[in-house]
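Enquirer: Residues per chain, in single letters:
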Amino acid sequence: MIAQISPPELDFLPVAPELVLAGGGMAIMLAEAALPRVTSRVLLIASLLIVAGAAGITVALWGWDGEPTVLAGMVATDRFAVLIRGVLLAVAAIGAVYGHHQFDRAGERRPEFFPLLLFATTGMTLIAAASDLILTFLALEILSLSLYVLAGFSRRVTASEASMKYFLLGAFSSAFFLYGVALAYGATGTTSIGGIARALSGPSEGLPLAMVAAALLAVGFSFKVAAVPFHMWTPDVYQGAPTAVVGFMSAATKVAAFAALIRVFNVAFLPLSWDWTPIVGVLAAVTMVVGSLLAIAQTDVKRMLAYSSIAHAGFILTGVMAANQEGIASATFYLVAYALMIVGAFGVVLLVSGDERTSLSSYAGLAVRSPLLAALLSLFLLSLAGIPPTAGFMAKVSVFRAAVDAGHTWVVIVAVLASVVAAFFYLRVIVLVYMKEPEEELQPDRSPLPALTVAVPAVATLVLGVFPGLVFGLLETASIFRW
Amino acid sequence: MLSDYLPIVLLAGVVAVFAVASLAVSSMLRPSRPTPAKLMPYECGIVPERDPRGERFPVKFYVVAMLFIVFDIETIFLFPWALTFRELGLFGLIEMAVFIGLVFVAYAYVRMKGGLDWNVRGLREGPSPVAEPPPVDRRREVAGAR
Chain A
1 MIAQISPPEL DFLPVAPELV LAGGGMAIML AEAALPRVTS RVLLIASLLI
51 VAGAAGITVA LWGWDGEPTV LAGMVATDRF AVLIRGVLLA VAAIGAVYGH
101 HQFDRAGERR PEFFPLLLFA TTGMTLIAAA SDLILTFLAL EILSLSLYVL
151 AGFSRRVTAS EASMKYFLLG AFSSAFFLYG VALAYGATGT TSIGGIARAL
201 SGPSEGLPLA MVAAALLAVG FSFKVAAVPF HMWTPDVYQG APTAVVGFMS
251 AATKVAAFAA LIRVFNVAFL PLSWDWTPIV GVLAAVTMVV GSLLAIAQTD
301 VKRMLAYSSI AHAGFILTGV MAANQEGIAS ATFYLVAYAL MIVGAFGVVL
351 LVSGDERTSL SSYAGLAVRS PLLAALLSLF LLSLAGIPPT AGFMAKVSVF
401 RAAVDAGHTW VVIVAVLASV VAAFFYLRVI VLVYMKEPEE ELQPDRSPLP
451 ALTVAVPAVA TLVLGVFPGL VFGLLETASI FRW
Chain B
1 MLSDYLPIVL LAGVVAVFAV ASLAVSSMLR PSRPTPAKLM PYECGIVPER
51 DPRGERFPVK FYVVAMLFIV FDIETIFLFP WALTFRELGL FGLIEMAVFI
101 GLVFVAYAYV RMKGGLDWNV RGLREGPSPV AEPPPVDRRR EVAGAR
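Protein sequence lines correspond, in order, to chains A and B. For what it's worth, the numbering used here labels the leading residue of the first sequence as 1, then goes sequentially. For what it's worth, the numbering used here labels the leading residue of the second sequence as 1, then goes sequentially.
Honestly, the hints are just simulated from the structure, not real lab data. Keep in mind that this is a model prediction, so the values were computed, not measured. Take these hints with a grain of salt, some might be off.
[Claimed, not checked] Ranges between beta-carbon positions, derived for each pair:
#1 A:473 x B:75: 49 to 59 Å
#2 B:95 x A:38: 25 to 35 Å
#3 A:63 x B:83: 35 to 45 Å
#4 A:447 x B:101: 33 to 43 Å
#5 A:164 x B:47: 36 to 46 Å
#6 A:297 x B:21: 43 to 53 Å
#7 B:95 x A:473: 37 to 47 Å
#8 A:413 x B:12: 38 to 48 Å
#9 A:63 x B:95: 26 to 36 Å
#10 A:299 x B:79: 54 to 64 Å
#11 B:86 x A:202: 38 to 48 Å
#12 A:208 x B:75: 33 to 43 Å
#13 A:171 x B:35: 38 to 48 Å
#14 A:473 x B:83: 50 to 60 Å
[As the list claims (entries may be wrong)] Below, a sample of chain A positions facing chain B; criterion: calculated Cβ distance under 8 Å:
#15 26
#16 33
#17 208
[Unchecked claim] The following residues of chain A were derived to be distant from chain B, with all beta-carbon distances above 12 Å:
#18 56
#19 63
#20 173
#21 190
#22 195
#23 201
#24 274
#25 378
#26 419
#27 420
#28 448
#29 456
#30 462
#31 480
For glycine and all other residues, C-beta sits at the position ideal for the given N, C-alpha and C.
I would like the entire structure built from these sequences, with the hints used as guidance.
Expert: Written as structure tokens, this is what we have:
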């Protein structure tokens with residue numbers, strides 16, 4: 001006879017954004033199947049309303065003063081989760097507009113794009129709030145499975161290749177992650193992130209096992225954030241997948257996976273921080289150097305941005321390795337800035353290379369054809385390079401300061417050198433855009449809606465570069481984990 | 001610390017040595033008299049009729065396979081729930097209703113998309129055939145990047 005199972009306290013408000021996203025995604029999916037003639041524009045508006053609803057609840061959750069975790073310790077209610085959710089929902093809204101535009105312009109009918117985007121966003125927001133490794137894994141799978149399908153949303157064979165590659169390597173990384181969860185349970189007897197921290201802070205016999213668990217979890221996360229040596233999929237997937245999807249996933253996946261990584265390593269494995277900071281430091285240094293160096297050799301703008309996103313993973317890891325509140329705040333600020341500039345940069349790529357011909361040489365003389373797009377592209381590239389007065393500069397300064405304050409000067413030296421190398425290939429594109437004659441017939445897209453959408457991250461990049469306090473003010477409370 | 005794992009390494013070594021040694025000794029000692037009947041693939045004692053590699057079947061069976069997984073998982077969850085229904089009580093009933101509702105959404109979607117129509121060609125609005133790949137310039141690709 002088994003014991004009476006008592007149902008957990010059910011407080012659904014902290015997961016209401018996810019419920020809205022998942023429910024809305026299913027509603028759109030069913031509605032589109034029932035009404036096959038519904039247009040992409042209607043689906044876009046419905047998706048944006050759903051995202052806005054989730055965002056409204058998220059804002060309301062900022063003032064949550066109940067339990068630190070709800071639903072039997074599965075979901076954290078801290079402001080870190082709220083802030084990350086806000087970023088993810090903004091990126092999802094921009095991604096929905098991109099997707100609508102790209103498929104509409106190509107004359108492809110892909111109504112499944114919107115439900116899949118909403119499901120992916122559900123997983124992403126959930127992983128930011130997960131305070132139990134089981135839920136982290138579940139959310140990781142929700143977002144990954146949706147993205148595997150989205151990456152193949154094109155008639156081009158390279159998209160199928162991208163989807164397949166992403167799926168196979170992603171499945172590998174999930175296995176690593178799951179093995180890490182199992183070992184963490186073996187070492188501490190719990191999968192709760194707070195529970196692991198409690199078990200490890202006392203005298204424990206499972207320390208070697210916990211170190212192995214931390215290493216395996218780090219491998220799983222490194223795949224998702226594209227840190228070297230687990231970055232191989234990134235260039236191929238970014239190049240092959242539709243640009244609209246890449247714009248969404250490059251920003252949102254990195255934010256979500258880093259949010260979970262920061263939470264797991266700064267809460268669960270904080271007692272072991274003396275052991276993992278050097279390893280994360282080496283990971284960060286290698287990622288920055290390899291990402292920056294390989295980006296120089298690229299001749300395709302999407303591949304170049306892919307290597308740039310690898311390098312940025314290294315910079316964010318520099319903030320993570322500080323393993324204190326300053327490190328968390330700086331890494332989170334970097335995530336916000338990175339999401340804005342990469343989603344904007346891919347938006348410009350979407351408008352310039354609508355037909356997926358993305359070789360760098362086709363960007364020559366863009367300033368003559370479309371001064372607005374050239375200016376937007378330059379702004380995002382300058383921000384990615386970390387040149388003031390953009391958000392990218394403030395983000396770099398803050399992670400470097402956090403790492404130096406925590407005593408990791410050698411990583412910062414590597415990071416500064418890597419930024420100098422990276423500046424070269426960003427500036428080379430700007431030179432190409434402004435100082436070369438257009439070689440071939442370049443037809444930039446002049447549609448107003450996506451151009452307006454790209455303007456949003458552009459303005460935000462500038463505003464955060466001049467007034468970084470807007471986000472750092474929020475981070476005073478949002479960089480504290482409650483468990 | 002790491003020496004705690006020494007027994008595992010030793011065990012792995014013993015296993016490897018035993019596996020290789022037993023196969024090697026057996027192949028050296030046993031008599032070898034191959035006959036055509038012995039070399040045939042084993043298929044429940046009857047003579048195999050076809051080459052299993054060359055077998056072809058319609059690709060639309062993959063929809064059936066995917067649908068099977070949906071219902072299979074539903075059943076797997078239903079059995080233990082039915083066994084512990086009294087202990088779980090109302091909470092379990094609600095949770096199960098939510099779960100079945102979600103599975104039903106998947107079923108309804110497949111149904112409306114025509115996934116269960118056997119004679120139409122593929123799913124309605126299904127994925128279109130793959131077009132010719134555009135020329136991709138990978139000449140200057142760095143070898144280590146792939």
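Enquirer: If a hint holds in the structure, say so; if it does not, say that too.
Expert: Hints and how they fare:
no., hint, in the structure
1, A:473 x B:75: 49 to 59 Å, "53 Å, holds"
2, B:95 x A:38: 25 to 35 Å, "33 Å, holds"
3, A:63 x B:83: 35 to 45 Å, "44 Å, holds"
4, A:447 x B:101: 33 to 43 Å, "40 Å, holds"
5, A:164 x B:47: 36 to 46 Å, "39 Å, holds"
6, A:297 x B:21: 43 to 53 Å, "50 Å, holds"
7, B:95 x A:473: 37 to 47 Å, "41 Å, holds"
8, A:413 x B:12: 38 to 48 Å, "42 Å, holds"
9, A:63 x B:95: 26 to 36 Å, "30 Å, holds"
10, A:299 x B:79: 54 to 64 Å, "57 Å, holds"
11, B:86 x A:202: 38 to 48 Å, "39 Å, holds"
12, A:208 x B:75: 33 to 43 Å, "41 Å, holds"
13, A:171 x B:35: 38 to 48 Å, "44 Å, holds"
14, A:473 x B:83: 50 to 60 Å, "54 Å, holds"
15, 26, "5 Å, holds"
16, 33, "4 Å, holds"
17, 208, "5 Å, holds"
18, 56, "24 Å, holds"
19, 63, "29 Å, holds"
20, 173, "18 Å, holds"
21, 190, "21 Å, holds"
22, 195, "23 Å, holds"
23, 201, "19 Å, holds"
24, 274, "14 Å, holds"
25, 378, "24 Å, holds"
26, 419, "20 Å, holds"
27, 420, "20 Å, holds"
28, 448, "28 Å, holds"
29, 456, "31 Å, holds"
30, 462, "33 Å, holds"
31, 480, "33 Å, holds"
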